[in-house]
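Asks: The lines below spell out each chain.
Number of protein chains: 2
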Amino acid sequence: MKHPPLVETLIEAFTCLPGVGPRSAQRMTYALLERGREQGRELAGALQAAMDGVSHCERCRNYAERTNAEQNLCAICLDPRRDSSLICIVSSPANVLAVEQSGEFRGHYFVLMGELSPLDGVGPRELGLDVLEQRLRDGEIRELILATGTTVEGEATAHYILDLAREAGVSVTRIAQGVPMGGDLEFVDGATLAQALRARRPFAD
Amino acid sequence: MKHPPLVETLIEAFTCLPGVGPRSAQRMTYALLERGREQGRELAGALQAAMDGVSHCERCRNYAERTNAEQNLCAICLDPRRDSSLICIVSSPANVLAVEQSGEFRGHYFVLMGELSPLDGVGPRELGLDVLEQRLRDGEIRELILATGTTVEGEATAHYILDLAREAGVSVTRIAQGVPMGGDLEFVDGATLAQALRARRPFAD
Numbered sequence: 001m002k003h004p005p006l007v008e009t010l011i012e013a014f015t016c017l018p019g020v021g022p023r024s025a026q027r028m029t030y031a032l033l034e035r036g037r038e039q040g041r042e043l044a045g046a047l048q049a050a051m052d053g054v055s056h057c058e059r060c061r062n063y064a065e066r067t068n069a070e071q072n073l074c075a076i077c078l079d080p081r082r083d084s085s086l087i088c089i090v091s092s093p094a095n096v097l098a099v100e101q102s103g104e105f106r107g108h109y110f111v112l113m114g115e116l117s118p119l120d121g122v123g124p125r126e127l128g129l130d131v132l133e134q135r136l137r138d139g140e141i142r143e144l145i146l147a148t149g150t151t152v153e154g155e156a157t158a159h160y161i162l163d164l165a166r167e168a169g170v171s172v173t174r175i176a177q178g179v180p181m182g183g184d185l186e187f188v189d190g191a192t193l194a195q196a197l198r199a200r201r202p203f204a205d
Numbered sequence: 001m002k003h004p005p006l007v008e009t010l011i012e013a014f015t016c017l018p019g020v021g022p023r024s025a026q027r028m029t030y031a032l033l034e035r036g037r038e039q040g041r042e043l044a045g046a047l048q049a050a051m052d053g054v055s056h057c058e059r060c061r062n063y064a065e066r067t068n069a070e071q072n073l074c075a076i077c078l079d080p081r082r083d084s085s086l087i088c089i090v091s092s093p094a095n096v097l098a099v100e101q102s103g104e105f106r107g108h109y110f111v112l113m114g115e116l117s118p119l120d121g122v123g124p125r126e127l128g129l130d131v132l133e134q135r136l137r138d139g140e141i142r143e144l145i146l147a148t149g150t151t152v153e154g155e156a157t158a159h160y161i162l163d164l165a166r167e168a169g170v171s172v173t174r175i176a177q178g179v180p181m182g183g184d185l186e187f188v189d190g191a192t193l194a195q196a197l198r199a200r201r202p203f204a205d
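The listed protein sequences derive, respectively, from chains X and Y.
Letter 83 of the first sequence, counting from 1, is numbered 83 in the UniProt record's numbering, and no numbers are missing.
Letter 74 of the second sequence, counting from 1, is numbered 74 in the UniProt record's numbering, and no numbers are missing.
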């Protein structure tokens, strides 16, 4: 004897979320069935809309909603007041929000959506570094600011990008003091990030 | 600068789940957008189907799928081989599963979907105890087996039901040794629950 199939299916479906095991999934299912049917329907609608409607910006790889425009671009890449020759490289959309909140940066981003991790099958192509390489060669980029994490994978990614930029003759800087070693960028406060952006230095091995 | 609206809406929607704060919600959203669009769509479908299609059994209050039948009944209440004069009272559908897994019980259930908690606005009517009272008076119930939790709320609920049954002249038993004090029924193993069902005793104040 089990739950009715619709209930079992929902419990099973919840376990696809990170950090959600069978017991949490059951608790979520009960909570929505008992006290939150309307919220459950809203969540269903939001999920469906996001899965179908969220794409990636064709220039910076950040999240962008699908439009009928010729090129799918995010709000930052479309903003004419921002400096498109200055590119800040981050590993996730959350890190874009963190840098934006520092109020110190008015250039564009390049969002890796991950960091180099060959054992997990994440190589340069998965991070869009072939696209970045092409853009570096096109000569429209004046400076790359590296703001990847200070973990092993973040360091490896930073060095890989440093090599690409040197080959293309583009100067590379890196956000400086204030980013705690081993920490993830999205947990750093805005004032520290502003200081790190102001104190950026040439990147060397 | 924030995420695109579809992304923000999904993050916000996830926080309706128990134990999910803004940061977990963001992690879930990124995970589905990056690596699980198809799973995300399945979750959306399962949510919508469960929110619309799951109802409560009109006899025992357990989850049951909506049907076109005159009465909406669960699989246990529809099973002609089970003894409908023996009713086991539990506080949640998870506890029905736990008792079923003990293999010791072939009667029906009455699922309270909660326990008495006046401060949270949960009174007898919210637990369907007015319905249970009517059924006790109808004379079709031979024995009530109390299997509510051993918490303060569970004890209060058990005593309330004991009074109802006494007034109707129905005998009341309670599952015995093996249920740890202060624990929730769904965490008890099947063998312990089987022993508790076999060793049930008349319930007294």
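Since the hints were made in silico from the structure, they are not lab data.
It cannot be assumed that every hint is accurate.
Each pair may be met inside one copy or between any two copies, as identical chains are not told apart.
[What the hints assert, rightly or not] No more than 25 Å apart at the CA atoms, straight line, and that leaves these computed lysine to aspartate or glutamate pairs for DMTMM-like:
| id | residue 1 | residue 2 |
| --- | --- | --- |
| 1 | 2 | 100 |
| 2 | 2 | 12 |
| 3 | 2 | 79 |
| 4 | 2 | 120 |
| 5 | 2 | 163 |
Asks: Let me make sure I understand: some of the numbered hints might not hold for this structure. Which ones are they, in numerical order?
Replies: Those not satisfied are hints 4 and 5.
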